[in-house]
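2 protein chains.
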Amino acid sequence: MSSLRSWFSIPRGSHFSLANIPFGIISTASSKTPRVAVAIGDHALDLEAFAASNGFSALSTIQPHQAVFSQSSLNAFAALGRPIHSVVRKYIQSVFSEDTTYPNVLKTDFDLQKKVLVPLKDVKMHLPFKIGDYTDFYAGLNHAYNVGVLFRGPANALQPNYKHLPVGYHGRASSVVVSGTPIRRPNGQVLSNPAAEKKVPALSPCQKLDIELELGAFVCKANNMGEPVPIGEAEGSLFGVVLMNDWSARDIQAWEYVPLGPFNAKNFGTTISAWVVLADALAPFKTKGLENDSEVLPYLKEKDEKTFYDIKLQVDLKTPTGNSTTISKTSSRNLLWSFPQMLAHHSITGCPMQVGDLLGSGTISGLEPGERGSLLEQNENGKTSIMLSGGDERKFLGDGDEITISGVCGSDEDALVGFGQCVGRIEPALKM
Amino acid sequence: MSSLRSWFSIPRGSHFSLANIPFGIISTASSKTPRVAVAIGDHALDLEAFAASNGFSALSTIQPHQAVFSQSSLNAFAALGRPIHSVVRKYIQSVFSEDTTYPNVLKTDFDLQKKVLVPLKDVKMHLPFKIGDYTDFYAGLNHAYNVGVLFRGPANALQPNYKHLPVGYHGRASSVVVSGTPIRRPNGQVLSNPAAEKKVPALSPCQKLDIELELGAFVCKANNMGEPVPIGEAEGSLFGVVLMNDWSARDIQAWEYVPLGPFNAKNFGTTISAWVVLADALAPFKTKGLENDSEVLPYLKEKDEKTFYDIKLQVDLKTPTGNSTTISKTSSRNLLWSFPQMLAHHSITGCPMQVGDLLGSGTISGLEPGERGSLLEQNENGKTSIMLSGGDERKFLGDGDEITISGVCGSDEDALVGFGQCVGRIEPALKM
Ligand SMILES: [Ca+2]
Ligand SMILES: [Ca+2]
Ligand SMILES: [Mg+2]
Ligand SMILES: [Mg+2]
Ligand code: NI
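Here the protein sequences come in this chain order: D and F. With the UniProt record's numbering applied, the first sequence corresponds to residues 1 to 432, in that order. With the UniProt record's numbering applied, the second sequence corresponds to residues 1 to 432, in that order.
One thing to keep in mind: the hints can contain errors.
Chain D is faced by these chain F residues, among others (derived, beta-carbon under 8 Å) [said to hold, decoys possible]:
#1 Leu203
#2 Phe285
#3 Tyr299
If you're looking for bench data, these hints aren't it; they were derived computationally from the structure. Beta carbons: idealized from backbone N, C-alpha and C, even for Gly.
Pulled out of the complex, with its shape left as it was, chain D reads as follows (with noise of 0.2 Å):
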């Protein structure tokens, strides 16, 4: 794919070259108000001023929708379909494109640059979306192996379900926050001696806090109560893709998660990254995902499978003496579902999606030691030790780690589809 060049400044190797165009909320010291902004290089392009200011003059298609740019989230932008995020992307492209059409838009226009072109550096992101469910799936089959072998070894290492439904649970949507929000270390129930015939549990810091890399996808399209997604429908139904860390506390998990699955160990935090990279910005990376030598049934059997992103990801530690090291690197093909089919199998039953639904994708790890997207595989359920540059150790997190998890497509330099960071620090337990 050749690089659009753009007449507007944007640096070798950003995320946000002009092949991404991905969607935020923002909100400026001289403007408290969050509204919708896309990413363009180092800068945030407000929409709702570029769109006070007849930026979409020339797009009629979106101008009796203009006021969704004006709302704290994407929720209403989302809601207006593939279709229009498609045009709207095309058109900013085209607006930013060194032989625009439409040069009095922007290009020559440096009073409304002034205006509707902020510094990444002067702009706070907010949330999205305003989420009404969140479900998070399980469909890294390498940490799912990776885990089950931990624990009931590699023979039983995979439940019966795995290769034949998207294994998922509902998830707390009121916990999912934005890049950049601090983490408390959560108090729970963990038992101190687990092997202990007598269960004795006690209220603790969470001993064993973990991470989960993975990727998030929001809902663009609610079907009725009682009327499933086909799963020729899901894609259209998808509105982009964030970088996502499920924080997981283990030791709390441990002791809760039977019969009914993981609760209080996954209700404390999750962090998405700020820019939602829209599935059209992606479409180029699609890839085939893991192979999947179970028979899928019809339901949930995809035409082209070529319905998963070659996304490189990245983990990196640093602690509080400032050091940094990278932790994980692999590539988000590493599912056994891809999210149309996750759309599928959720909705199967009737249950209806809305649009800000997030579909985690689950832990998101390769074969390789160095590819293993959560700290309870690294160190084999704390049996051995992370090294770390700075000769730092750790099994589990510390109060005062930062994990920055990074996303990206591409290898031109120039036409990079990035998904910026998704940084969470670890604060102290509450004391009870």
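Chain D is fixed; fit chain F with the ligands onto it per the hints.
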């Protein structure tokens, strides 16, 4: 408790005596915009219209907030806090009492009575809250024990964590519906031969469609992320209670639920009763729950043990031929954990609770065969049949079956505090 006498005609035996004053969301043929009302006898008092006609003239505290009564959900009213709910309820009771000190507010204003008092048969009820997150607990000890015996035998019926923490899981908020909404039998993956070594699932209409008799409680106070709700403050964070039927697809659940808990088995519909009975109205019916013979950690320990409600619950099944059978009668005191305990546990990690969040109690069963809150327990997971009047039999629900849950506190027919009904009828599965 002596009954409050009213100048207004409230039928003897009404669930909505002057001792109750439950809140709900109504619309009418002549005014289709949903708004807040209370139920009194067999009428709804339209609080939007009442406020607009200066009905709250003698209650200065509510006057700056009267816009809450024009909302399409109770969230804004609930967010005003327990002291305000209390004064509004007491004011309405005093307006309706025989010897009201405000006779000209309504008692002697016949025109206003016509305007604001609508027969319940002429109102359409809506979902009372905009539910951000819905969490379903499992606090019905007898139910958990009965189900445990069916699947694991009496020795291991309860998991080791059961008496130490209120087991719960995050549910699906988007499919919580108001009483009367039809429930379509879900399709999903089931094993036709669960005992076979090689597990081969098929897509099928659920064959083991079940009910779960539960209470639901709504949250009226948010906590900041990272800051647990102390057990001593949890009761003050609860708005009120509804009846709940947590429809469950047992065959889908059996195949999907390991290791992350029920998902599709629970996301196709959860029915709640339309009128929310305030915590204040239930206060006279507080009682102890089931005894917990484990040592409970301090963050779950309540000063007062009487934090459960003695609500007489009943489940009726009506077949398509019109025969109706009472299939269960029990009391809501059959719980091991109270709603304040559930809230304290839910938030101990710092999970942010929001106004409008719904907490489900878990299935409520007594000790006797006629007191079981699910068909699964009644039919011993399909081994026996439930005999219905008119000669019908059931293992699980058939198409066209209608389930009605009712619940009421008290025995003075002029001072009942009841919930009305929680009704749902099963529609045939969609042909796939
Ligand atoms: Ca996860
Ligand atoms: Ca339940
Ligand atoms: Mg999480
Ligand atoms: Mg349900
Ligand atoms: Ni009347």
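Now for the hints, and whether the structure bears them out:
1. Leu203: Check passed: Cβ of leucine 203(F) comes within 5 Å of chain D, closer than 8 Å.
2. Phe285: 29 Å, violated
3. Tyr299: 6 Å, holds
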